[in-house]
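Given next are the chains, with one letter for each unit.
Protein chains: 4
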Amino acid sequence: MRSLVNEDCQLQLVRKNVLKEKTKIYFGSDIIGDKLCIIAGPCSVEDETTTLRIAEKLAKLGLRFFRAGAFKPRCSPYSFQGLCEKGLTILEKVKKETGLKIVTEVIDIGVIDIVAEVADILQVGAKNMGNTSLLKKLGCCNKPILLKRGMAAQLDELFLAAEYILLGGNSNVILCERGIRTFNNYTRFTLDIAAIPMIKDTSHLPIFVDPSHATGRRDLIIPMSKASVAAGADGLLIEVHDEPDKSLSDADQTIGIKAFVTLLRELDNPLG
Amino acid sequence: MRSLVNEDCQLQLVRKNVLKEKTKIYFGSDIIGDKLCIIAGPCSVEDETTTLRIAEKLAKLGLRFFRAGAFKPRCSPYSFQGLCEKGLTILEKVKKETGLKIVTEVIDIGVIDIVAEVADILQVGAKNMGNTSLLKKLGCCNKPILLKRGMAAQLDELFLAAEYILLGGNSNVILCERGIRTFNNYTRFTLDIAAIPMIKDTSHLPIFVDPSHATGRRDLIIPMSKASVAAGADGLLIEVHDEPDKSLSDADQTIGIKAFVTLLRELDNPLG
Amino acid sequence: MRSLVNEDCQLQLVRKNVLKEKTKIYFGSDIIGDKLCIIAGPCSVEDETTTLRIAEKLAKLGLRFFRAGAFKPRCSPYSFQGLCEKGLTILEKVKKETGLKIVTEVIDIGVIDIVAEVADILQVGAKNMGNTSLLKKLGCCNKPILLKRGMAAQLDELFLAAEYILLGGNSNVILCERGIRTFNNYTRFTLDIAAIPMIKDTSHLPIFVDPSHATGRRDLIIPMSKASVAAGADGLLIEVHDEPDKSLSDADQTIGIKAFVTLLRELDNPLG
Amino acid sequence: MRSLVNEDCQLQLVRKNVLKEKTKIYFGSDIIGDKLCIIAGPCSVEDETTTLRIAEKLAKLGLRFFRAGAFKPRCSPYSFQGLCEKGLTILEKVKKETGLKIVTEVIDIGVIDIVAEVADILQVGAKNMGNTSLLKKLGCCNKPILLKRGMAAQLDELFLAAEYILLGGNSNVILCERGIRTFNNYTRFTLDIAAIPMIKDTSHLPIFVDPSHATGRRDLIIPMSKASVAAGADGLLIEVHDEPDKSLSDADQTIGIKAFVTLLRELDNPLG
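Protein chains in written order, with the working numbering: chain A, 1 to 272; chain B, 1 to 272; chain C, 1 to 272; chain D, 1 to 272.
Think of the hints as simulated: they come from the structure by calculation, not from any bench. Certain hints may be false.
Copies of one chain are not kept apart here, so a pair can be met inside one copy or by any two copies together.
[As the list claims (entries may be wrong)] Straight-line C-alpha distance at most 35 Å; calculated DSBU-like pairs for lysine-lysine: (1) 16 x 101; (2) 22 x 60; (3) 60 x 24; (4) 16 x 258; (5) 246 x 16; (6) 200 x 258; (7) 35 x 136; (8) 95 x 24; (9) 24 x 200; (10) 136 x 60; (11) 16 x 93; (12) 35 x 200; (13) 200 x 86; (14) 86 x 96; (15) 136 x 101; (16) 22 x 258; (17) 86 x 143; (18) 93 x 35; (19) 258 x 136; (20) 258 x 24; (21) 101 x 24; (22) 35 x 258.
Extracted from the complex, chain A is given alone in its bound form:
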């Protein structure tokens, strides 16, 4: 059974032949879709001190894009749900004090405006890839969108989700492979690395990879990052914390600063 794309319609705006060139997204001198780009930071925005401290350490390493969630769409209502508006205020401070560009998640149509005030890139999480109301509104947003593939989404479905945003007029979309759900029991998800060349071959949009969520294991972040880059990824999304065991969420998949430095070295210093 092939995916819905072939039955209902054709991809249009996300296809390579629509634009002559690969999409590049400019943030002053920082460009996404050009050389390898690293987005890093803790899973959640935690208290101001911790968040600022991590951000400063990462900025010193040359990082340009900082990720941390203020709104967290957790599986369980009893898990930490994020600092919400307060988290956005902290991110604003991070931005001011470190100059880092902010990447943070927008979890529903009600918070797009306040997230867009602070964020340089609005992230749509895997759980919301099929939230077409959100996608439609982000089509009218003037900030770039990082759109994660749903955990059970066919590539065609990811493309169509992006098509919703492009069709609304927002052409700055970054796709992100973050692992698909399979029978594998040694990782949280299965990183579908073949999606990288396939996406690059089909679409002009940049493709990022999130090895942290894909594997759920610190010990696999470095090899999977290297594999992703070798397969042609335009960027990586890495969960980093200076005290990873104390992370308020996703501790198992969050690496420490030292491991992050090793990762950068193994990738030939993309921040350098």
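Got chain A; can you put chains B, C and D on it based on the hints?
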């Protein structure tokens, strides 16, 4: 790798031991969670004439719950997106003229109020099971919620999604198995029938099955409905149209009135 | 991506249109492919006393087909590998003393002859569905074959495996759905009940279901058996032991005699 | 639900701590488990002229290990089943005339001896990973075994399959990741690249990758090969034909000589 539930928290309100009895939801003399309940109707609300005609035909067969989507979260932005507010007006008319209870989808937090004005049961589609913002707001809604399992959701994750709604104070939640994504290529999804006894054993909430979306094939609706009922399902959600080939969406999985009558007979006339 | 069938060839001998009637397999007055048939017994042939005792208890309930493995293709070389030839001798004794028909697994081409001397039906396990050498030789065997679907086999691939046997001249093949590997974490496999009507619609061969291996859980055997029968299964393969907790293999999915009696009652006493 | 390993037994001989060093397999001056090793050749042994011609072209490029199947366990009995014994004779000639080491599949216990006379490495295909009779006999074989992961095998199950061979006394086992079956519809299987570092971290055995079978697409062979090497693969298994469109099997995933040369260049000339 076990699901997140065991790591982060425990199920609480959805568990069987919290309430002494199985949840029953009363709509006058119609009860969900008691004897087998059938919810049927076209995939989408189409024009007023068509929708009313189908509703009347189904009401004559004894149907009490009518389903049809006014808001459609389609994979592609180029597919029919539903009649939206206009669709709700048509559903209101169906309700008035036929006495049928209305089951219709709520696709984002922005439309909860207007959907709740018309609907007797608000449906959360598979694509939105992980939309925690929507789940939280539905916890404050005074209408029953039919919550579909995400296409790649572990049962624990479905339970936790329900827990969001229950925790908000809305205890009238109906769970719905609608097929999971597997490698199978002869059906759209794989109906996970074992989920039915498992859910009944774990939770006090009623469990429905949607064989239409699960299989994507008309020829499998009757046997899968019978299997679901044999496994203990409290109800079925069936896509029916009086001219199924003309359905504006999901035509491949929509049965005609005649097949629906056969289904009812094979199920020992649950409407009777 | 569709399965290989469509690319390489067409199904021929397994298709419904080849024979005018549904395949029935006669064992004296016992017929497979007619009314519901139950095959039951312990996972493995254990010592003679235990095996005979279980067989006698089941025969008293009216059982006609007894299953137990003498050769066990276990995942681990450190697990019990079956009694092998000695197990066959025990099965021969069971046959003589109880009159039960014997269903037992043939795990390689080297043991076909000795298994066929004792067994009334030779079982090909899920792990061997793709063992084409075995399938070819079984095409020349004069005993019926119960062919289990591989845990990741498309239906087309199951049909083609059967085609190997039929093409060799052995037309007595019983197909068996035993669960497919999916992301589900509450069962060992996911029982694909839609395969039952699909197989019946495509092929003239009888279709059995093995809820024991499919679920790996005792508590799901009864509801899944009922669902399978409701969906049209021609027979069931059930792991039963009179002291299930002492089973040498698959204890978690083996039910006791009492539960088996309950199952029979819930199925309207198919043993008559 | 975790895999059987944890329930039944523990891995022993395949584990890293058993041997002090990583397993290396010596073929004169050619070593597997040391620097990157490439095994290449057509899917099947075709006629003598074609096979010799391809082998010579590959040998000229510096290839040391030639792969081609004489026995083919095809899904369909109507597909080309390989030249069998005649294919082995051709492989023997290839060996003599080109000096290439031969890697070819052994599909059942009946042909181990004749395959081992010609082959330098005996391949166990994905379909036979669970064929424990074959694994046991290969434990007594004095030739190295290349063991492919089953398409639905957990890593633990792959390790246990290798354990069968090691336990028999044959310590020269090469593991091979060749893609797992998932819902993905743009590739034949999903290459599970995280398996590479995971296997290296758990076991002392070399790990190869087969991007040809994993993806089923020529256009993905180069990026997936690069990704596999970046993730730490010890070797690659590549389907190459000098007229790929004329391949008797697997034409869609077979690359031509020119693409193979490009691959070698992109991998920094491992044939060196």
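The hints, checked one at a time:
When the C-alpha separation of residue 16 and residue 101 is checked against a cutoff of 35 Å, the pair qualifies only within one copy, where the shortest distance is 28 Å, while the shortest distance between copies is 43 Å. In this homomeric assembly, residue 22 and residue 60 come within 35 Å of each other (Cα to Cα) only inside a single copy, at 30 Å, whereas the closest approach across copies is 38 Å. When the C-alpha separation of residue 60 and residue 24 is checked against a cutoff of 35 Å, the pair qualifies only within one copy, where the shortest distance is 25 Å, while the shortest distance between copies is 43 Å. With identical chains, the CA atoms of residue 16 and residue 258 are at most 35 Å apart between copies only, with a shortest distance of 26 Å across copies and 39 Å within one.
Taking CA atoms no more than 35 Å apart as the test, residue 246 paired with residue 16 passes between copies only; the shortest distance there is 30 Å, against 43 Å inside one copy. In this assembly of identical chains, residue 200 and residue 258 lie within 35 Å of each other by CA distance both inside one copy and across copies; the values are 32 Å within and 22 Å between. Within a single copy, residue 35 and residue 136 get their C-alpha atoms as close as 29 Å, which meets the 35 Å cut-off; across copies the closest is 41 Å, which misses it. Taking the closest pair of Cα atoms, residue 95 and residue 24 come within 35 Å of each other only inside a single copy of the chain (22 Å); across copies the shortest separation is 51 Å, beyond that limit.
In the homo-oligomer, the alpha carbons of residue 24 and residue 200 lie at most 35 Å apart inside one protomer (13 Å), although the nearest pairing across protomers, at 37 Å, exceeds that limit. Taking CA atoms no more than 35 Å apart as the test, residue 136 paired with residue 60 passes in neither setting, with 37 Å inside one copy and 39 Å between copies. Taking the closest pair of Cα atoms, residue 16 and residue 93 never come within 35 Å of each other, the shortest separation being 38 Å inside a single copy and 46 Å across copies. Proximity of residue 35 to residue 200 under the C-alpha cut-off of 35 Å is found in both arrangements, the shortest distances being 14 Å within a copy and 30 Å between copies.
For a Cα distance limit of 35 Å, the shortest separation of residue 200 from residue 86 qualifies neither inside one copy, at 37 Å, nor across copies, at 40 Å. Taking the shortest alpha-carbon separations for residue 86 and residue 96, only the intra-copy value of 16 Å comes in at or below 35 Å, while the best inter-copy value is 46 Å. Taking identical chains as interchangeable, the C-alpha atoms of residue 136 and residue 101 lie at most 35 Å apart whether they share a chain (24 Å) or sit on different chains (30 Å). With identical chains, the CA atoms of residue 22 and residue 258 are at most 35 Å apart both within one copy (34 Å) and between copies (27 Å).
Taking CA atoms no more than 35 Å apart as the test, residue 86 paired with residue 143 passes in both settings, with 21 Å inside one copy and 32 Å between copies. When the C-alpha separation of residue 93 and residue 35 is checked against a cutoff of 35 Å, the pair qualifies only within one copy, where the shortest distance is 28 Å, while the shortest distance between copies is 49 Å. Within a single copy, residue 258 and residue 136 get their C-alpha atoms no closer than 40 Å, and across copies no closer than 39 Å, so neither meets the 35 Å cut-off. Taking the shortest Cα distances, residue 258 and residue 24 sit within 35 Å of each other both inside one copy (31 Å) and across copies (32 Å).
In this assembly of identical chains, the alpha carbons of residue 101 and residue 24 lie at most 35 Å apart only when taken from the same copy (16 Å versus 48 Å across copies). Taking the shortest Cα distances, residue 35 and residue 258 sit within 35 Å of each other both inside one copy (23 Å) and across copies (28 Å).
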